[in-house]
Structure formats: C-alpha cells, structure tokens
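4 protein chains.
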Amino acid sequence: MISAAVMPGPERMVEVRGFPEPKMEPGAVLLRTLFSEVCGTDVHLHHGRLLGVPYPIIPGHVSVGMVERVQGDVAYVDGGFVKDGDLATFLDVHETCGKCWFCLVAKAPTRCPNRRVYGITYSADEGLLGGWSEKIYLKPGVKMLKLPRKVSPENFIAGGCGLPTAIHAISRGSIELGDAVAVQGSGPVGLCAAMLAKLSGAFNVIVLGAPERRLKLAGRIGADHVIDIRDCDEEERIQRVLSLTNGRGADITIEATGVPSAVREGMRMTRDAGRYMVVGQYTDAGNVEINPHLDVNRKHIDLKGCWGTDFSHLYRAVKLVERYHDRFPWSEFITGFYGLDEANKALADVEKLKVVKAIIKP
Amino acid sequence: MISAAVMPGPERMVEVRGFPEPKMEPGAVLLRTLFSEVCGTDVHLHHGRLLGVPYPIIPGHVSVGMVERVQGDVAYVDGGFVKDGDLATFLDVHETCGKCWFCLVAKAPTRCPNRRVYGITYSADEGLLGGWSEKIYLKPGVKMLKLPRKVSPENFIAGGCGLPTAIHAISRGSIELGDAVAVQGSGPVGLCAAMLAKLSGAFNVIVLGAPERRLKLAGRIGADHVIDIRDCDEEERIQRVLSLTNGRGADITIEATGVPSAVREGMRMTRDAGRYMVVGQYTDAGNVEINPHLDVNRKHIDLKGCWGTDFSHLYRAVKLVERYHDRFPWSEFITGFYGLDEANKALADVEKLKVVKAIIKP
Amino acid sequence: MISAAVMPGPERMVEVRGFPEPKMEPGAVLLRTLFSEVCGTDVHLHHGRLLGVPYPIIPGHVSVGMVERVQGDVAYVDGGFVKDGDLATFLDVHETCGKCWFCLVAKAPTRCPNRRVYGITYSADEGLLGGWSEKIYLKPGVKMLKLPRKVSPENFIAGGCGLPTAIHAISRGSIELGDAVAVQGSGPVGLCAAMLAKLSGAFNVIVLGAPERRLKLAGRIGADHVIDIRDCDEEERIQRVLSLTNGRGADITIEATGVPSAVREGMRMTRDAGRYMVVGQYTDAGNVEINPHLDVNRKHIDLKGCWGTDFSHLYRAVKLVERYHDRFPWSEFITGFYGLDEANKALADVEKLKVVKAIIKP
Amino acid sequence: MISAAVMPGPERMVEVRGFPEPKMEPGAVLLRTLFSEVCGTDVHLHHGRLLGVPYPIIPGHVSVGMVERVQGDVAYVDGGFVKDGDLATFLDVHETCGKCWFCLVAKAPTRCPNRRVYGITYSADEGLLGGWSEKIYLKPGVKMLKLPRKVSPENFIAGGCGLPTAIHAISRGSIELGDAVAVQGSGPVGLCAAMLAKLSGAFNVIVLGAPERRLKLAGRIGADHVIDIRDCDEEERIQRVLSLTNGRGADITIEATGVPSAVREGMRMTRDAGRYMVVGQYTDAGNVEINPHLDVNRKHIDLKGCWGTDFSHLYRAVKLVERYHDRFPWSEFITGFYGLDEANKALADVEKLKVVKAIIKP
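Chains as they are written, first to last, in the working numbering: chain A, 54 to 415; chain B, 54 to 415; chain C, 54 to 415; chain D, 54 to 415.
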C-alpha cells in the first residue's frame with residue numbers, strides 16, 4: 054500500500070490513507086516523492102475557498118521525486134528519455150488541453166477551461182494525483198524535466214510554486230533596466246518576485262511585508278529596501294514608496310498578498326504610466342473600491358492580472374535555480390519539513406505565517 | 054476688440070467679453086477661428102469638477118481656423134511653412150515640455166507635469182488661449198498641421214477631440230484582426246472608438262449606449278450590434294455581450310462613459326485574458342467596487358488607463374478624416390452650431406445628451 | 054479504391070494512383086475532398102527545391118471537404134462534435150507536437166522540429182495525407198473547424214493557404230492606424246496581405262507586382278496604388294514608393310515574392326524605423342547582398358521573418374471569409390479548376406503565373 | 054584663449070587650436086571639461102567615413118565636466134537647477150528637434166533629420182561644440198543631468214558612449230529571464246552589452262572577440278563564456294555558440310563589431326525565432342550576403358537595427374554607474390589618458406585595439 058495525506062473536504066482534518074499501486078498506462082511515469090510543498094492555496098483548499106474542488110483530494114501541486122517506473126518511451130521536454138532511477142525529476146502539473154480556443158487562438162493556456170492541476174482539481178478517487186503522497190502517478194502527457202546536476206531537490210522545492218508564479222508576473226511586467234519595483238507581500242511569491250525583479254534589471258526593489266524573518270530574507274535575495282507593514286498604515290506605506298522613488302512611485306508594482314485592499318494601495322504607490330501586476334489574489338476574499346479617474350484613467354496605468362503558470366515558467370524556474378544555485382540562500386526559504394502525518398500542523402504553520410515555506414517529506 | 058466666450062468660474066454663466074489684439078511673439082501664429090467644440094470636459098469645467106483650473110478661462114481645446122498672422126518662419130510638423138491666408142490649420146493644444154523625466158525617460162508625454170492645454174489650463178488673463186473666441190493665439194512651439202485638401206473644417210471639427218482620444222485608446226488596445234470589441238458609451242469618444250475598432254480589424258463591434266440617435270449613428274459608422282442601455286440592466290447587458298461573443302466576452306472592451314460603475318461592468322463583459330481600456334473617466338465621479346480575484350487575477354486581464362492625447366493621435370485623426378472623408382457621415386456627428394453668445398445653451402444641450410456634438414462657430 | 058494525384062519525385066510527372074480505404078484509428082476523421090489548392094510551394098516541391106521531402110507524396114496542404122466518417126468523439130476547436138455528413142469542414146494541417154522546447158518555451162510552434170504538414174512532409178506511403186485526393190485521412194489530433202454557414206467551400210479555398218500566411222505576417226507586423234504599407238508581390242499571399250493591411254487600419258496600401266490581372270484584383274480588394282514591376286526597374290520602384298509616402302518610405306513593407314533580390318529592394322523602400330516582413334522566401338533561391346550600415350543599423354529597421362502558420366491564423370482566416378463574404382470578390386482569386394488528372398497542367402499554369410490560384414477538384 | 058583639439062579634415066592630423074571665450078546665450082551653460090572620450094566613431098571621422106561631417110570639427114561626443122557658467126535658470130532633467138561650481142555634470146549631446154514627424158509621430162527620435170551631435174555634426178566654426186576641448190559650450194536646450202554622488206567622473210566616462218548605446222540595444226532586444234545572449238565584439242559597446250545582458254536576466258552570456266585583455270574584462274563583468282575569434286573561423290564560432298546553447302543557438306545575438314560579415318555569422322548563431330540586434334554598423338564598410346530563406350524566413354528571426362541613443366539611454370546609463378559603482382571594475386575600461394596634444398596617438402591606439410577605451414583629459 055502507498056500512503057498519502059488526504060484532504061477529505063472543507064474544514065476537515067487531513068488524514069493519511071493507503072492506496073494500491075497504480076496501473077500504468079502507456080506513457081505514464083511513477084515518481085517516488087522526495088518533496089512536495091504546502092502553499093497558501095492549500096490553506097485556501099482546507100477552508101473550502103476554491104470552487105469546484107473534487108474532495109477528497111491529495112494536495113500538493115508542485116513536487117519533486119525519483120523515477121520508479123516508466124511505461125514505454127517517455128521524453129523529457131528538453132530532450133532525452135525518462136529512465137527508471139533518474140535521480141530526480143519534476144513535473145508540469147498544470148495540464149492544458151492544447152486544442153481549445155484559449156490554448157490555440159487566445160494563446161492564454163492558463164485560462165484553458167480544460168486545465169487540470171495536480172493536488173487541486175483531481176480527486177483522490179482518480180488516483181495518486183497530488184504530491185502529499187509517497188508516490189505520484191504522472192499521467193501520459195504530463196510534461197517532465199530532468200533536474201540538472203546543480204539543482205538539488207531541496208533547492209527546487211524551495212522555489213516551489215512561488216518561483217514560476219513570480220516568473221510569470223515578471224515576464225508580463227516587462228521590467229526595464231533601472232526600474233524601481235515595489236513588491237507587496239513577503240511570502241514565497243513576493244520574495245521570488247523581489248529576487249526576479251533584481252535579476253531582471255531593476256535597480257531599486259522595495260518589499261512591503263512582514264514578519265522580520267521574511268523581510269530579512271528579502272534583503273538577502275535582492276530587496277534594496279524593506280518596509281514592515283506593521284510599522285505604518287496605508288498612507289504611510291504609500292508615502293515611503295514615493296519617497297524612495299523620487300516622489301513618483303514605483304515603475305512597476307507587484308501585488309502578492311491575496312488581500313483585496315492591497316490592490317488600491319498598490320495602484321497608488323505606482324507612478325503615472327506605470328504598471329501594476331496582480332498575482333496574489335487566488336481566492337475571492339472580497340471587493341475593493343478603486344477610483345477609476347484617479348487610479349486608472351488619469352494615472353494612465355497598465356494593470357494586469359496574472360493567473361497560474363505554464364510550462365515555460367516552470368522551465369525558467371529550474372534554469373534559475375541551476376544558474377544561481379550558489380548565489381541565493383535557497384535552503385532558507387524552507388523553514389520546516391513535515392511528514393505526511395504532520396500535514397495538519399504544516400497547514401496551521403503556513404496559515405499563521407510561522408514559516409516561509411513548509412515542505413512535505415513523505 | 055476680439056470677442057471670446059469666457060467661463061468666469063464654476064457654476065457661473067459663460068459670458069462674451071472683448072479682448073485686445075494680441076502682441077505677436079516670434080514664432081507665434083494668430084488664427085481666425087472657424088469652429089471650436091463643446092465636449093464633455095467643458096461641462097465638467099462648468100461644474101468645477103476639474104482641479105487647478107485658472108478661471109476665468111476661454112474654453113475650447115480643439116479648434117480649427119484660418120491663419121491671419123504669422124510672426125516669422127513657423128513650420129508645419131509635416132513640412133512646409135505656415136502662411137497668412139492658409140485656408141485652414143489646426144493645432145496641437147496639448148503642450149508638453151519635452152524636457153522632463155516623463156517626456157524623456159518614461160516617454161509618457163500625456164503625464165508631463167508641465168503639460169498645458171488650450172481651453173482648460175490657461176487663464177483668459179493670459180490671452181486668447183481657447184477656442185471659444187473669434188481668434189486664437191498660438192504661442193511659439195504649438196505644433197501645427199495644414200488641413201489636407203480633402204479635410205473640410207467641418208469634418209475636422211466633427212472628429213474633434215473625441216477622435217484623437219479614441220485613437221489613443223485603440224492604439225494602446227492593440228486590436229488583432231478578427232477581435233470582438235465592446236464599446237461602453239455612445240458619445241463622441243465611444244462612437245469614434247467603434248469606428249476605429251472596425252477600421253483596425255475588429256470583426257464584431259458592439260456599442261452599448263443611448264439614446265437612439267447616437268445608436269443609429271453607431272450602426273452607420275461600424276457597429277455590428279448596438280445595445281440600448283435603457284432596455285436592460287447591468288447583468289442583462291453583460292449577458293448580451295457574452296451571447297454575441299460565443300459566450301466568452303469581448304476580446305477588448307473600451308470604456309467611454311465617465312460613469313464609475315461602468316468599469317466593473319466592462320471588466321465583466323471582457324473575456325478571460327482580454328483587454329480593458331478605460332478612456333472615459335476624465336473627472337472624479339466617485340469610486341467603484343471591483344473584485345480583485347474574479348475581475349483581475351483569475352480573469353488574467355489587461356486593464357489600461359488612457360489619458361489625453363499627444364501629437365501623433367491628432368496627426369492620425371487628420372489623416373483618417375482625409376482618407377475616409379467620403380466613407381463616414383462626418384457631418385452627422387454635429388448636431389448643432391452655436392454662436393459665442395449661445396455657449397450656455399450649447400453646454401446645456403451637451404449635458405442633456407440632446408446632441409452628439411455641439412460646435413461653437415464664433 | 055480511392056484516387057489521388059501523386060508526385061513521385063523531383064521533376065517527375067504527377068500521376069493518379071489508387072489507394073485502399075484507410076483504417077480508421079480512434080479519433081480519426083475521413084474527409085471527402087471538395088477542393089484542394091495548388092500553391093507556389095507545390096511548384097517548388099515539383100522541382101525538388103525543398104529538403105527532406107519523403108517522395109512520393111500526395112500534395113495539397115490546405116483543403117476543404119465533407120465529413121464521411123468519424124471514429125469516436127472528435128471535437129471541433131470552437132466547440133461541438135464532428136458528425137458524419139457535416140457539410141463542410143477544414144483542417145489544421147500543420148501538426149505541431151505541443152511538447153517540445155519550441156512549442157512550450159519559445160512559443161514558436163511553427164519552428165517545432167516535429168512539425169508535420171499534410172501534402173508536404175508526409176509520404177504517400179503513410180496514407181491519404183494530402184489534399185490532391187478524393188479523400189483525406191485526418192489523423193487523431195488534427196485540429197478541425199466546421200465551416201460557418203456563410204463560408205462556402207469555394208470562398209474558403211479561395212483564401213487557401215495564402216490567407217493564413219498573410220494573417221501571420223500582418224499579425225507580426227503590428228500595423229498602426231494610418232500606416233502606409235507596401236506589398237511586394239501580387240500572388241495569393243501578396244494579395245491577401247494587401248487586403249489585410251487595409252482591414253487592419255492602413256490608409257495607403259501599395260502593391261508591387263504583375264501581371265495586370267493580379268494588379269486589377271489588388272485594386273479591388275484594398276490596394277490604393279499598384280505598381281507594375283515590369284514598367285520600372287528597382288530604383289524606379291523604390292522612388293515610386295517614396296513618392297507615394299511623403300518621401301519617407303512605407304511604414305511597413307511585406308515581402309511576398311520568393312525572389313532574394315526583393316529583400317534589399319524592400320528594405321530600401323521602407324522608412325527609417327519602419328518594419329519589414331519577409332514572408333515569401335519559402336525555398337532557397339540564393340543569396341542577396343545587403344548593406345548592414347545603410348539598410349539595417351542606420352535605418353533602425355525591424356526586419357522579421359515569418360514562417361508557416363499556426364491554428365490561430367487559420368481560425369482568423371475562416372472568420373475573415375465569414376465576416377467579409379460579400380465584400381471581397383473571393384471567387385476571382387480562383388482562375389481555374391483542375392481534376393486530379395490535370396495536376397501537371399495546374400502546376401505549369403501556376404509556375405507561368407497564368408492564374409492567381411489553381412484549385413484541384415478531385 | 055581656450056584650447057581644443059581640432060580635426061581639420063579626413064586623413065589630416067588633429068591639431069590644437071585656440072578659441073575665444075564663447076558668448077553665452079540665455080539658457081546656455083559652459084562646462085570645464087574633465088574628460089572626453091575617443092571612440093570608434095572618432096576613428097571613422099578621422100578617415101572620413103561618415104557623410105556630411107562639417108570639418109573642421111572638435112571631436113568628442115560624450116564628455117563630463119564641471120559647470121563654469123550658467124546663463125539664467127537652467128534646469129536639470131531630473132529636477133533642480135544648474136549652478137556654477139556644480140561638481141560634475143554631463144550632457145545629452147544628441148539634440149533632436151522634438152517637432153518633426155520622426156520625433157512626434159514615428160517616435161523614433163534617433164532618426165530625427167534635424168538631429169545634431171556634439172563632436173560629430175557641428176563644425177568648430179560654430180563654437181566649442183565637442184569634448185576634446187578645455188571647455189564645452191552647451192547650447193540652450195541641451196538636456197543635462199547632475200552626476201549623482203556615487204558616480205565619479207572617471208566611472209561615468211568609463212561607460213562613455215558605449216554604455217547608452219548598449220542600453221538602447223538591450224532595451225530593443227527584450228531579454229527574457231533565462232535567455233542565452235551572444236555578443237559579437239568586445240569593444241566598449243560589446244562589453245557593455247554583455248554586462249547589461251547579464252543584469253537584464255540572461256543566464257548565459259557568450260562574448261566573441263579579441264584580444265585577451267578585452268576578453269578577460271568580459272569575464273569580469275558578466276560573460277559566462279568568451280570565444281577568442283582568432284582561435285577559430287566563422288563555422289567554428291557558430292558551432293561553439295550552438296554547443297553552448299543546447300544546439301539551438303542564442304536566444305538573442307547582439308552585433309557590436311562594425312564588420313559586415315559579422316551580420317550573417319550572427320544570424321546563423323541565433324536560434325530559430327530568436328532576435329538579432331545590429332548595433333555596431335556605424336559606417337558603410339561594405340555589403341554582406343545573406344540568405345533570405347535560411348537566415349530570415351525559415352529562421353523566423355527578428356532582426357533589428359539600433360541607431361544612436363536618446364536621453365533615456367543616457368539617463369539609465371548614469372543610474373547604472375551609480376547603482377553598480379562598486380560591482381563592476383569601471384576603471385579597467387579605461388586604458389589610457391591622453392592630453393589634447395596626444396589626440397593623434399589616442400586615435401592610433403584605438404584603431405589598433407591597443408586600448409579598451411582612450412580618454413581625453415584636456
């Protein structure tokens with residue numbers, strides 16, 4: 054039997070259950086899980102804040118493991134074939150159909166209506182389709198990459214889902230050399246966004262967040278300035294950003310908080326004709342009032358939502374961890390490892406911001 | 054003495070006053086006004102809804118006239134020199150400094166803090182710097198174009214300031230061949246946006262507005278579908294747009310209403326990963342609630358504010374009136390000519406939507 | 054037995070051969086061919102100018118037909134299922150893998166190394182994988198669209214492969230409202246490019262080509278000016294374009310000739326800081342000398358190659374034929390129908406420019 | 054009398070001449086020159102390879118100095134007023150008119166036909182309008198910046214004109230996080246391009262150049278790989294780049310050589326659907342043969358020329374030297390200081406590649 058941590062439904066405790074070995078379809082791969090992660094979305098899942106989730110589910114959407122079985126010839130996206138015993142591989146768990154209007158005409162695959170995500174939109178009744186499990190079943194067609202030699206499984210999972218999410222936002226944000234970038238939020242997505250902004254040419258990266266531990270890490274990975282949001286109210290935060298940007302506001306602001314009120318605050322700390330990326334609003338936490346004249350039209354702003362990730366973002370994430378394996382303190386993103394039977398504690402720690410990132414180690 | 058219609062202050066009646074002939078600086082041009090216009094902004098000015106306006110002012114920001122005097126050599130932007138008696142000329146009345154950070158680094162001249170606009174941010178005490186006047190004084194440096202032979206002054210003023218404003222929005226909107234475009238509002242900006250969307254490759258242009266006269270005109274200049282906003286509420290309007298766009302929503306929606314609540318409505322009638330242009334919110338008419346999860350992040354939307362116009366938009370406007378002088382019923386945009394002493398009636402007619410566009414003919 | 058016209062090898066006559074009914078895999082569709090086309094690429098194939106072609110082949114890459122058999126549930130991209138007897142359908146014959154670096158990371162599917170094209174890179178030994186055949190076998194995964202009611206099979210094939218090819222070029226060319234566009238070449242791609250440039254907002258479309266019949270058609274579908282290339286040499290052609298564009302050159306020039314020397318000529322008729330699209334160089338017809346200082350660096354030009362088409366271009370092509378079914382003289386693109394046994398004559402007529410477009414009607 | 058080094062004409066020796074103190078127009082500034090530079094363009098000027106140069110000239114287009122006199126109120130672009138004794142200032146020496154079609158409609162100011170450049174297109178007969186002079190006369194309207202405290206005049210001139218030139222190219226090149234960038238040439242522009250590519254998110258920067266001294270510097274400022282062009286021929290160089298980029302070629306290649314044959318070589322070392330920036334072809338050094346099928350159309354390439362710089366590039370250059378004043382070995386770009394009377398030697402040393410950058414210190 055294979056053990057997996059199952060979330061039976063909203064507001065119910067996660068429990069470890071046993072599953073039989075999966076039957077392998079042609080083109081499928083079975084991974085022995087090394088690490089999976091607990092991200093903010095898992096907390097939302099626990100509280101039933103996402104619609105259409107087919108509980109019971111095995112959470113864990115980004116994971117890393119070792120190949121235990123391959124059924125037939127399966128190719129890595131970047132070339133070469135998947136082999137039993139490959140030390141580490143990882144997976145694109147956002148399946149898009151590749152044949153609908155959104156995939157083919159709009160070229161917006163993260164809005165593909167047929168998109169399925171491991172750990173979120175698959176039921177535990179359909180199999181081992183989530184990372185909080187000793188083994189993960191990669192259905193035929195899941196896109197895979199072999200971890201490069203310099204990418205340890207620990208460093209890969211430290212980037213986790215926050216890194217490709219932030220890569221997507223940075224890519225849509227089009228940073229110019231020398232830009233000032235404000236990042237709202239210092240969770241995994243915010244921290245990664247700050248790191249990426251600096252790597253993409255920003256000269257002045259300002260992180261607004263809490264608590265100290267996260268802000269300290271922000272400073273180590275690229276933030277030029279950190280603002281502890283507990284020290285000042287909305288108006289003061291805006292003034293601080295203005296004063297750090299020659300009175301104009303940030304050229305680009307990236308929202309990574311999930312808090313609706315952050316949106317207007319972020320628009321206001323962005324300079325006229327600047328860009329504002331909304332990347333943290335993954336559940337419906339209510340509305341926010343904006344002023345269409347002051348915040349949008351007169352400000353001549355570009356505001357962009359940024360949903361999910363596609364394979365290119367995951368690919369660039371792996372390349373980044375490889376390229377800068379020794380420049381950033383990857384291991385410090387991880388503040389706790391949890392066994393399958395400790396998943397409830399992991400969820401609680403993430404919710405209370407006790408950790409930067411909690412890792413499930415089955 | 055030169056007569057001009059002066060707006061003495063907020064909520065005060067416009068009155069005709071006499072002004073002396075201006076002293077001509079080197080590089081200045083004096084125009085004998087043929088037509089000026091009354092646009093929604095003039096109504097806002099009348100009610101004191103714009104900040105920092107140096108009343109008393111001579112309203113009228115887009116105008117057309119005949120050259121009466123030129124002081125020295127003044128070149129048209131497109132080549133050739135301005136000559137006394139040139140049949141018709143027009144002007145870029147949005148002066149930007151060309152030497153500040155916004156002009157030179159951000160390349161966002163409509164957000165130049167030194168920008169001055171004829172008819173809005175110049176006081177009548179500074180001279181004949183507005184179009185509701187027998188003559189207009191073009192200060193040195195105001196960019197001028199000679200009207201092409203096929204552009205009658207009437208047709209040019211029919212486009213008025215709505216046409217370059219819409220050109221700016223369409224340019225930022227990046228229409229792809231075959232797109233569905235929804236336009237909220239059927240005033241001069243909305244009508245022009247509908248026309249331009251069609252000319253730019255949209256296959257399905259939907260105009261939401263009122264009253265009948267404007268919607269009829271919308272149909273004649275490019276709208277494939279018109280929706281009378283008085284026939285249905287917000288939810289029904291959204292449903293109608295969805296049903297006209299294969300259930301997905303418009304690829305691009307253009308807001309040209311000035312009504313805050315239109316903003317969320319417009320976001321909701323835009324498809325996932327679509328674009329939303331806010332171009333009508335020229336005064337602070339209050340806030341609107343949006344849902345950052347549903348309307349922005351999950352929708353993966355691009356929302357852009359679009360402020361003012363620069364010379365390129367005015368240039369393309371003139372080229373458009375020239376190119377399609379016989380394809381569109383330009384004269385039907387104009388629903389009334391008013392003398393200087395009828396300016397108050399013109400303002401009232403515009404405010405009550407009695408007209409599409411009211412023209413001042415000094 | 055099913056008859057198909059087979060091209061046995063370079064410089065060999067096309068001959069009609071019999072094929073057995075294909076075995077239907079799950080997800081496959083069998084089309085009864087209504088029309089296929091003969092394009093310039095087929096002439097190149099006949100002369101062996103493309104590398105790696107697996108002769109013998111059944112030519113014909115864009116075709117239209119009626120569904121004769123469906124194996125299981127097959128969905129149209131735009132919704133709904135393929136049914137026996139569907140009056141007309143058409144196909145995306147450019148199969149891309151959807152799982153390689155070019156498809157997923159570079160997002161350049163037309164450069165997917167696994168891309169296969171019906172009528173070009175499939176051998177007749179692999180089945181009925183080309184349009185010059187009574188029936189076409191659509192392998193599982195080929196993306197299909199149902200022809201809209203207003204799109205007759207004749208009009209669809211009149212657009213043929215030239216229309217999506219031109220749509221791709223126009224899309225990469227980013228026409229601004231009011232631009233002047235020069236099109237080099239008046240074959241199907243050039244004519245379609247001229248039509249699309251006008252529909253996309255160009256005010257001044259100049260077509261350089263021959264002979265009269267094609268230039269006349271150019272005028273009917275959007276060209277403002279036509280230049281017969283037989284009337285003037287390279288320098289004169291450049292001068293004529295300059296004189297039609299205020300001395301500056303075209304904002305955007307589109308090459309659709311396949312002649313290497315056209316490339317430098319086209320760069321020279323493009324204005325400084327303009328765009329040049331190379332879309333006609335589908336075989337290696339030799340080199341051309343350019344001057345990197347004059348033609349590229351000092352000109353500050355954007356030059357873009359444009360290879361193949363993806364599904365979005367085909368989709369927009371169908372939408373265009375639907376939207377403007379009664380505005381353009383689609384049938385005039387077709388200057389001859391040929392049976393399978395007349396394929397050699399069709400090839401000869403295309404090569405001698407006797408026709409605009411030759412259609413195979415099995 | 055003020056001494057300046059004057060280039061009397063093509064192939065004539067530079068000589069030091071005396072000039073009277075200039076008369077100050079309102080808005081003018083007089084700088085006491087601290088440093089000016091000798092760049093490849095000056096070598097071209099010496100050999101008469103640029104057209105329309107009004108010899109005699111005072112060369113030196115990018116320079117830095119101390120304010121000696123200001124006539125009236127002159128503002129810095131970034132705020133504040135120019136004051137006598139300001140320790141160091143620098144200047145935008147590319148004057149564009151701001152009122153022609155290229156400036157206003159095409160928004161391509163570096164192609165403004167009225168553009169004048171200090172040290173190149175002004176005659177010595179017009180005044181002290183070049184940097185190889187004890188003093189430089191800044192005409193009214195020249196855009197100025199005060200050097201930030203952390204930018205020493207030495208470090209600013211080390212960036213010189215190569216840095217903004219490279220910033221322009223990088224900005225047009227749109228580097229994505231993780232891209233592989235090949236740079237052809239290891240002169241000041243090439244070295245700066247390599248530095249900027251890394252700062253903009255490239256993970257793999259390959260510099261092809263010579264001699265050792267420059268390649269060593271390339272390695273210190275961001276190059277991951279250097280290829281000594283003297284070690285291998287064109288085919289081998291292409292193969293080395295391919296082997297360093299997973300067999301695909303560089304995502305973006307930047308040409309900074311001035312050698313026409315480099316252009317095809319660079320296209321061939323760029324991956325399919327990649328970008329190629331031509332930024333080094335500043336004089337007409339002859340033609341190059343390209344293959345429109347293989348190098349352009351089938352490669353689906355974006356090729357961009359990149360001419361001159363505008364103020365934004367100079368502004369970002371200063372910001373970069375400020376931000377990374379202690380990260381890069383700026384002083385190592387400078388390999389020799391020369392007095393006005395040593396200008397001929399400086400030119401010779403630059404031409405023989407004896408130096409990375411030669412500085413004139415009047």
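The hints are simulated quantities; they were obtained by calculation from the structure and are not laboratory data.
There's no promise every hint is true.
[Claimed, not checked] Derived, one-sided and incomplete: chain B residues facing chain C with beta-carbon distance under 7 Å:
id : residue
1  : H100
2  : G101
3  : L104
4  : R122
5  : G231
6  : K251
7  : L252
8  : F256
9  : R376
Please read all numbers here as calculations on a predicted model, not as lab measurements.
For each residue, glycine too, the CB sits at the ideal point set by N, CA and C.
Practice problem: Provide an ascending list of the numbers of those earlier hints which the structure does not satisfy. | Solution: 1, 2, 3, 4 and 6
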